[in-house]
Amino acid sequence: MEGILLIDFGSTYTKVTAVDIDNESIMGTAKALTTVETDISEGLENALKILQSKTGKVEYNIKLACSSAAGGLRMTASGLVPELTSKAAKMAALSAGAKVIKVYSYELTLEDAEEIYSTKPDLFLLTGGTDGGNKKVLLHNAKVLAGIDLDFPVVMAGNKSVGLEVAGIIFESGKEVTVCSNVMPEFNELNFDPARNAIRNIFLRRIIKAKGLTRIQSLVEGIIMPTPKAVLNAAQYLSAGTKKEKGIGDILIVDVGGATTDVHSLSKGEPSIKGAILKGLREPFAKRTVEGDLGVRYSAPSLVEAVGVETVSEKAKMDTSRLEKYIELIKNPAQLLPDKNQDIKDIDYALACIAVKIAVKRHAGKIESRWTPAGVTFLQTGKDLTTISKIIGTGGPVINSKNAAGVLKEAVFDNGEPMCLKPKEPEFLLDEKYILYAMGLLCEFYPDTAVRIMKKNLKSIV
Amino acid sequence: MNCEVLNVSRKITVVMGVIGADVHAVGNRILQYAFEQEEIKVVNLGVMVTQEEFIKAALETDSDAIIMSSLYGHGEIDCRGLREKCEEAGLENILLYIGGNLVVGKTPFSEIEQKFKKMGFNRVYPPGTPPETGIKDLKKDLGVG
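Going line by line, the protein sequences match chains A and B. This note's numbering puts the first sequence at residues 1 to 462. This note's numbering puts the second sequence at residues 1 to 145.
No lab work stands behind these hints, which were simulated from the structure alone. It is possible that part of the hints are untrue.
[Stated by the list, open to error] Taking CB as the label site, the calculated pair distances span:
1. Thr214(A) to Arg29(B): 55 to 65 Å
2. Pro130(B) to Trp371(A): 25 to 35 Å
3. Ala405(A) to Glu36(B): 50 to 60 Å
Keep in mind the model is a prediction, meaning the values are calculated, not measured. Heads up, the beta-carbon is just placed ideally off N, CA and C, and yes, glycines get one too.
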């Protein structure tokens with residue numbers, strides 16, 4: 001039997017998944033606390049012990065890992081116009097699985113430079129201008145970056161007309177610089193692959209080492225991507241399929257965590273309303289957004305702040321003073337909470353519902369009607385997700401929820417907010433065994449098998 | 001590092017579109033075609049374009065001109081303050097052209113032209129102007145060809 005071990009070094013937990021490649025099945029999954037402070041292999045060994053108690057002794061031919069430990073891939077980006085190249089740079093960074101610290105627009109100022117210095121990004125994505133377009137801002141920003149006395153790699157994916165010049169400026173300051181094709185080569189045309197490849201390359205070669213994660217390189221074949229990238233990878237294969245295995249079509253994935261809520265949509269997002277005019281930046285088929293203020297533990301206070309404590313208490317069916325006490329308790333990630341506590345279950349349900357509702361609302365496209373002398377016209381910005389037929393829920397707070405379908409219902413089109421283009425009649429699937437990240441890794445070697453395992457293991461819920 | 005040698009000659013670039021709540025799409029496409037035939041790079045924003053969209057596209061693409069159409073008679077209201085906004089955005093030297101049915105009613109064209117030139121437009125065209133006229137003017141205003 002050929003066993004494959006897939007590992008996710010998360011910020012809180014190290015998760016392991018054992019796959020039987022011949023039978024195309026999941027042999028078992030387990031998790032243990034991540035031990036990045038001491039030696040990350042300890043946490044892995046603890047998780048493996050638990051796994052072995054479920055699967056028996058297995059020889060693994062391949063061991064692959066993804067990581068979001070030690071802060072994940074922390075990126076800062078800059079562009080020119082906020083709605084154009086800055087937005088493109090942010091989308092490119094997110095699609096590479098990064099945690100985006102900040103995105104700057106126009107010329108970087110002295111204050112910006114100081115902020116970049118103090119936030120210490122793992123990587124900087126420098127963009128601005130279409131090819132042949134604005135050069136001034138890119139050259140200015142290159143000089144500002146060169147002046148920051150901190151060693152971080154820079155990926156330059158802006159106006160190609162000044163690519164070499166920008167590279168020279170940054171190189172002379174002693175920083176590593178990679179020049180690749182523009183994230184927006186023509187106006188409103190996005191091109192993320194070259195920047196994404198450059199980012200991945202730097203992640204593999206440099207960032208793993210910088211975070212002290214190399215010690216485990218002897219235990220596994222390698223940490224091959226950041227965790228969010230693995231999930232997006234799985235989503236892309238599941239949606240589009242492979243040559244031999246059909247995909248399941250357009251999907252929306254909501255991934256709720258303690259600190260953030262990720263939303264992935266795999267769809268073209270073209271207008272379903274006839275004659276609607278598309279406005280703003282065209283968004284990619286595989287789009288990932290991350291909401292840093294929406295989560296059920298560390299980000300619980302900011303989530304409550306976003307909607308007001310009354311909304312949460314109503315959803316949790318708990319009075320506000322009691323709720324506020326719990327929020328104080330759960331926001332500390334080191335705090336181990338009892339699994340069986342009904343109050344916490346109620347709060348988790350409420351927080352997960354609200355996180356999904358807001359995160360999907362921010363992710364989905366919007367439609368607005370405008371009266372013109374020629375009659376009513378519809379303007380669409382972003383992606384129309386109304387025709388998406390499947391919503392997949394993942395992440396602990398959804399998977400372990402007392403009512404996962406209830407949480408996922410928050411991602412559905414709301415007649416009270418008809419301008420927000422959420423899926424209208426979706427089916428709900430639950431990533432019960434938390435295998436999406438693992439399948440994203442497996443896709444690198446066995447894409448057909450990975451797609452089949454996902455189709456088999458994502459459970460339909462109502 | 002000196003990269004001047006690598007700077008290949010750049011095409012004239014223009015941002016084009018129909019301003020305001022105006023959905024006339026056909027003329028805009030014809031204009032794009034005619035300009036592209038003359039080796040001019042066109043960034044076409046389509047219909048129902050706001051002033052801000054024109055300015056942002058021009059910034060990002062370093063365009064030489066913004067070429068607007070307006071066919072529904074509300075052009076004057078839609079275009080007010082555009083020149084000032086361009087200056088605010090750092091597009092001090094950008095050329096602004098407009099053409100079409102710019103006002104409602106039977107105002108003599110010379111008055112309309114006067115009005116739009118006062119608003120900071122470099123060229124103003126009445127309905128029925130062939131695209132070639134605009135192209136010729138553009139090249140002249142940019143000192144090429």
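(message) Against the range 25 to 35 Å, how does the distance between the Cβ atoms of Pro130(B) and Trp371(A) compare: consistent or not?
(response) The hinted range 25 to 35 Å holds for Pro130(B) and Trp371(A), with Cβ atoms some 33 Å apart.
(message) Assuming the hint says 55 to 65 Å, is it satisfied by the Cβ distance from Thr214(A) to Arg29(B) or not?
(response) For Arg29(B) against Thr214(A), whose Cβ atoms are near 57 Å apart, the range 55 to 65 Å holds.
(message) Please check whether Ala405(A) and Glu36(B) have a Cβ separation lying inside 50 to 60 Å.
(response) The hinted range 50 to 60 Å holds for Ala405(A) and Glu36(B), with Cβ atoms some 53 Å apart.
The structure shown violates none of the earlier numbered hints.
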